[in-house]
Amino acid sequence: MKLTGGQIVVDTLVREGVPYLVGIPGPQTLGLLDALLGQDRLQMLQVRHEQAAVFLADGYYRVAGTPLAVLASMGPSAMNTLSGVVSCAVDSVPVLVLAGSGPAEMADRGELQELERGRAGGSLAVFAPVARGVWRPASAAHVPRALQSAFAGMLTGRRGPAVVDLPLDVQCEAADVELAFPYAYRAGGQVLPDPDLVQRAADLLTMAHRPVILAGGGVLAAEAWDELQALAELLEAPVLTTMMGKGAFPEDHVLAGLHAGWMGSTCGNALARSADVLLAVGTRFAPRSTSHYRQGVTYSIPPTRLIHLDLDPGQIGRHYPVEVGIVSDARAGLAALLDRLRALGVSPSIGGARAGYLDEVSRLRDEWLTRVREVATDDRRPVTVPRLVAELRAHLRRDAIVLTSSGTTQAHWLREATIYEPRTNLTPGGLGAMGWTLPAALGARLAAAPGRQVVGLMGDGDFLMTIQELATAAQYDIPVVLVVANNAGWIGLRDLQAAAYGPERVTGAEFLKGREPVTPDLASLARGFGCYSEWITSPEEVGPALERAFAARRPAVVEVMVERDDIPSCGQEQAWCDVPVPAYLAERRARYEELAGAR
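Take any residue in the sequence shown, count from 1 to its spot, add 1: that is its number in the working numbering.
Worth flagging that the hints you see were computed from the coordinates, not collected in a lab. Just so you know, not all the hints are guaranteed correct.
Unchecked claim - Simulated pairs of lysine to aspartate or glutamate, EDC-like, Cα-Cα distance not exceeding 16 angstroms: (1) K3 - D177; (2) K3 - E179; (3) K3 - E174.
Turn these sequences into a full structure, and let the hints steer you where they fit.
Here it is as structure tokens:
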């Protein structure tokens with residue numbers, strides 16, 4: 002059939018099941034925009050900044066498992082998507098960026114918004130190091146192949162973003178094409194593990210006295226949580242999670258070892274460093290999840306014997322030596338291990354050999370939860386962040402989806418909130434972009450079932466980076482609840498400065514007018530955008546305010562004034578590997594090295 006390049010794009014997105022094209026129109030996207038008319042299966046969602054479009058698509062995918070398309074035009078519009086694309090690349094989130102450009106015949110002539118200056122590939126070349134690919138069809142006849150390659154790249158193997166550059170003349174010209182359905186141009190199924198390696202892993206696990214399973218984001222990506230729980234129960238092995246893996250295993254389960262790493266729990270770190278065999282699934286052992294590789298702080302590899310199962314062969318053996326390295330989809334790999342162990346006759350000991358170990362797991366978990374409760378009962382006004390986290394968790398359902406970005410709220414939520422179900426703890430763990438929570442929460446709310454609770458929890462510094470997307474929320478009546486912990490600044494950074502360099506050297510992280518904290522009236526700003534809003538200061542107000550926000554059934558902002566100073570923490574001390582101290586602060590540098598054991 003004869004279709005324009007724009008019509009080919011729309012038809013392909015519909016065939017791929019993409020429900021939304023998110024972005025901002027521009028002169029170089031007119032052919033694609035016009036092709037949206039006359040159909041109702043692909044809806045255009047307008048955002049107010051292209052970065053937010055990618056973050057919205059990110060949040061949508063993490064809940065629905067379906068990628069969205071992002072619309073941008075050439076020059077600054079496409080460049081505005083870059084931080085979002087990098088974030089998706091690091092977190093293995095597929096999103097398709099469709100970037101309009103000028104007519105092909107005008108390429109490399111210095112047209113308005115074009116980057117040329119002799120640089121091959123123009124402005125979109127900046128995406129090449131991070132995207133799964135960058136495609137530029139030369140004609141309408143080439144558009145199907147470009148889109149098919151982009152979807153195959155995004156959704157095969159380790160997932161990630163893709164970029165397609167669409168010249169305006171290519172969008173508008175027509176070609177005779179036959180469009181295929183997805184099964185015809187990209188692989189399905191799972192990457193299966195090597196049976197011999199599965200046997201070796203099973204042998205190691207059956208001999209272990211203190212086995213530990215570490216679940217990373219790959220478990221959630223593969224939807225392997227049932228296999229994970231079945232394997233843990235068969236082996237009677239505690240399950241720890243990375244930041245990105247939180248939610249893969251219910252944290253109220255008897256085998257929950259909780260979160261490990263720099264921002265982890267004392268329970269998780271104690272179990273990790275004392276394991277004799279560690280089965281790590283779907284994790285890249287990032288510095289934050291390993292306490293920056295400090296031997297004996299989180300992991301002791303060796304002597305701990307490591308079985309590393311991951312879809313990406315480049316991650317296996319990258320940071321720690323392995324006894325067994327298995328390239329596999331997490332679900333297929335865990336299922337194969339389960340089958341092999343059952344064939345070997347492995348069964349739970351029910352009070353036998355593992356009884357003492359399981360008692361230790363329970364004791365360590367209870368000790369950690371006691372510490373959490375101690376910091377969560379502070380009655381001060383303004384509210385402390387740990388108390389805010391406790392109140393939110395107490396008033397949210399088990400399946401509530403909570404999103405956090407980098408900062409104080411993320412750190413306390415990850416440490417102190419109990420996560421019960423998969424895909425209910427969403428955070429940009431790799432790039433750690435601030436400004437992510439608000440637009441990502443809009444995407445999560447669009448993807449979630451009606452009536453499901455979706456909450457974006459963020460600080461005021463985070464909120465102000467993408468506050469303009471309240472206009473998007475109000476325009477489309479997206480009933481998300483946004484809880485903003487207002488402490489007039491990037492206080493997590495301030496506290497890091499104070500801990501590392503000394504309180505007298507804090508600079509640049511607080512919002513001050515003279516010497517006094519200054520903050521906009523965020524609740525009033527939210528009302529100006531057309532959202533429901535409340536402003537609260539006491540712990541007792543959090544639950545009722547949350548209930549009213551959900552009852553409003555429209556975008557809602559709950560601004561919570563939180564304590565700026567003397568914030569209680571149940572986490573571990575900062576370590577040398579986190580923030581090196583300048584050499585001219587000799588005494589503090591020496592103390593910091595001693596604290597971290599780095600001599």
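Review point. Which numbered hints are broken by the structure, listed smallest first?
Key: none
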